[in-house]
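Asks: One letter stands for each residue in the lines below.
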Amino acid sequence: MQSENGNHKKEKILAAVEAAIERYGARREELIPILSDINRVLGYLPPEALDEVSKRLKEPHSQVMSVASFYQMLSTKPRGKHVVQFCESAPCHVVGGREVWEALQEHLQLGAGETSPDGQWTLITVSCLGLCSVGPVIVVDEDVYGNVTPERVPEILARYH
Amino acid sequence: MKIIRSMVLVSGDPLSLERGAEQVFQALQNAIQAFGLSDEVSVMMIGDVGRHDALPMVIVYPEAVVYGPVRPDDVRYLVEEHLYKGRIANELLAPVRELSGRVAWVAARKGTLPAEQRIVLRRVGLINPDDIEEYILHDGYTALGKVLTEMTPNEVIEEIKKSGLRGRGGAGFPTGAKWSFVAREKSEKKYIICNADESEPGTFKDRIILEGDPHSIIEAMIIAGYAVGADEGYIYVRGEYLLAQERLRRAIEQAREMGFLGKNIFGTNFSFDIHIHTGAGAYICGEETALIESIEGKRGQPRSRPPFPTTYGLWGKPTVVNNVETLANVPPIILNGADWYRRFGTPSSPGTKVYTILGNVNVTGVIEVPMGITLREVINIYAKGMKGGAAFKLAQTGGSSGSLIPASLQDTPMDFDSYAKAGVALGSGALLICDENTCVVDLVRVLMNFFRRESCGKCNPCRIGTQRAYEIMSAISEGRGKMEDLDQLLWLSENMYLLSNCGLGQTAGTPIKDMLKHFRAEVEAHITLHVCPTGVCKIKAFA
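One line per chain: the protein sequences are W and H, in this order. Take 7 as the starting number for the first sequence in my numbering and just add one per residue. Take 2 as the starting number for the second sequence in my numbering and just add one per residue.
It should be emphasised that the hints constitute simulated quantities derived from the structure, not laboratory data. Misleading hints may appear alongside valid ones.
[Unchecked claim] Footprint (simulated), chain W over chain H, 3 or more residues, beta carbon under 8 Å:
1) 191–205
2) 269–281
3) 294–303
4) 355–362
[Said to hold, decoys possible] To spell it out: a stretch of chain W is covered by chain H in this simulated footprint if at least three of its residues, at any positions, have a beta carbon under 8 Å from a beta carbon of chain H; those stretches are:
5) 90–96
6) 130–142
Just so we're clear, the structure is a prediction, and the values are computed from it rather than from any experiment. Where a beta carbon is used, it is the ideal one built from N, C-alpha and C, also for glycine.
Using the sequences provided together with the hints, build the complete structure.
Replies: What follows is the structure, given as structure tokens:
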């Protein structure tokens with residue numbers, strides 16, 4: 007059972023790598039789009055995926071890793087089923103962001119960058135998302151919420167149960 | 002092409018969506034069908050319409066009537082009155098706001114209310130950005146035609162030089178000069194890059210342009226390519242801007258189909274094509290050499306300059322890197338001439354500037370106004386005053402690295418040179434307006450947190466300096482600060498400025514210097530009295 011699951015997981019990873027390389031070509035300059043696609047499909051960049059990309063692009067593993075760890079939208083750690091992004095930049099902060107951040111932490115019982123033990127939630131802080139006229143802004147998965155107040159936090163999160 | 006009598010646009014920015022734009026859109030489709038108008042009226046969702054005071058908005062063309070805020074329940078009445086009976090539904094009209102009109106009001110501003118002056122945003126919210134034919138109907142690709150059939154590359158550069166256009170990404174470098182540097186390089190390969198990695202906190206003007214008028218950027222890049230002798234362009238769009246990416250992809254496809262991109266454009270022997278490269282979340286990639294590194298598939302770490310990208314850019318070739326807003330100015334300058342452009346703004350900073358207004362004011366959003374208006378005018382006229390009647394305390398211009406503008410500088414004209422003379426920077430056009438309830442220590446702490454997080458880590462002064470500055474600001478904010486810390490902060494900001502490799506580290510200390518120059522008493526209160534005068538900072542108890 008264990009190894010069957012393991013195989014299944016490995017196949018899924020290799021398929022994601024294959025699809026991304028197929029789409030962009032096995033070229034160094036396409037490394038960021040390739041990693042972005044894999045990250046989108048798998049939710050993060052598992053070590054097996056980075057190994058495979060390194061092999062296929064004939065780039066040292068350290069080079070692939072250095073790119074994978076540099077960009078905010080790429081994650082080398084598994085993330086929860088739902089990812090909550092909180093904008094911590096100044097424009098959101100001065101219009102009530104700080105209170106929203108406290109409400110998020112309290113409601114999810116998570117700190118910045120943490121994932122809940124049941125794998126449901128990951129809470130991360132991000133820099134400006136360019137939606138500043140409706141701050142404070144949070145993004146849950148791909149849904150954007152503007153003018154968020156601490157009172158609205160439970161109601162927004164409840165939509166994802 | 003189906004003959005459409007009316008076109009109905011629904012605002013689809015995040016706030017509109019949250020307020021039921023989707024339901025309004027559905028209701029519109031249903032009502033139009035119910036009245037049997039499906040063949041003559043088209044309905045579409047567009048992105049941000051550029052004003053945020055009555056969302057969701059419904060705009061009906063060709064009359065350009067703006068309704069808002071529209072609720073799903075209003076829709077049947079709106080369709081019946083306006084589209085079926087042909088009468089304007091007055092009850093649903095959005096509040097009147099002055100818009101454009103080609104007035105050079107800087108010359109005639111005495112005692113008059115300034116209107117917006119839309120040059121780069123002139124089509125945003127007025128056309129369907131997914132339809133190249135609408136762009137063409139609104140003068141689109143006319144400037145390109147003029148350039149390719151009537152002008153030499155040198156004449157194009159001279160016209161841009163004469164217009165006085167300066168880079169709108171923040172630094173204000175003369176665009177014509179930049180183009181001429183690349184034009185005179187002898188190289189078989191050159192590139193045009195559009196910097197659409199807008200990530201300066203508080204800035205989203207480029208997003209509005211890309212979502213609302215993507216073809217204007219494509220047209221400008223082709224013109225730039227012709228002027229400097231480049232045949233390939235890249236648009237580097239930040240990864241978070243999904244809608245902008247989608248719109249650009251479609252626009253590029255359409256431009257290729259129409260023959261504006263590709264081989265032998267307009268039957269001439271000039272060829273040009275554009276690729277899109279999406280970022281993956283890194284503020285530093287807005288720095289031009291970091292952006293180039295990122296296109297090459299590497300970490301976004303800035304190169305040392307010189308050599309500048311104009312001689313050694315993408316893959317070592319001469320490269321023009323221009324901001325989105327800068328490029329959006331190019332087609333109108335070509336079409337109307339440099340003299341026309343110089344009628345707007347000030348002599349040393351001609352043209353308009355797109356600002357994003359944010360913070361503790363009544364109306365936030367985007368405006369495009371001539372260079373040279375003042376902060377007081379922005380707050381009182383466009384932002385309709387401070388929220389809840391609170392007093393103005395400070396504004397930060399140009400995002401995290403921008404200057405903190407105290408009340409005493411509210412009447413300084415906002416253009417590159419007047420601001421430089423006052424010792425502050427205009428930056429990218431974000432205007433974060435803060436009221437008396439904002440604690441300057443708390444604000445600067447948040448800004449330093451941003452820099453320590455976004456520092457790329459390549460050079461020590463920035464990597465360590467931003468981290469130390471954040472730690473000290475946190476200590477002061479918690480009541481653990483010492484007076485010596487203030488000297489340390491100044492020392493850090495001075496050395497980050499002198500020693501950092503790129504603009505990020507060089508400007509990271511700007512807010513610190515401004516804080517100590519204009520708000521020193523407030524900072525000292527945190528240290529000597531263990532009190533945050535605004536009550537924002539959580540001062541920890543002392544034994």
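Asks: Run every hint past the structure and note whether it holds.
Replies: Cross-check of the supplied hints:
1. 191–205: holds (count 7)
2. 269–281: holds (count 4)
3. 294–303: holds (count 7)
4. 355–362: holds (count 5)
5. 90–96: Held - the stretch 90–96 of chain W has 3 residues with a Cβ nearer than 8 Å to chain H, which meets the minimum of three.
6. 130–142: With 10 residues close enough to chain H, the hint holds.
Hint check: no violations occur; every hint is consistent with the structure.
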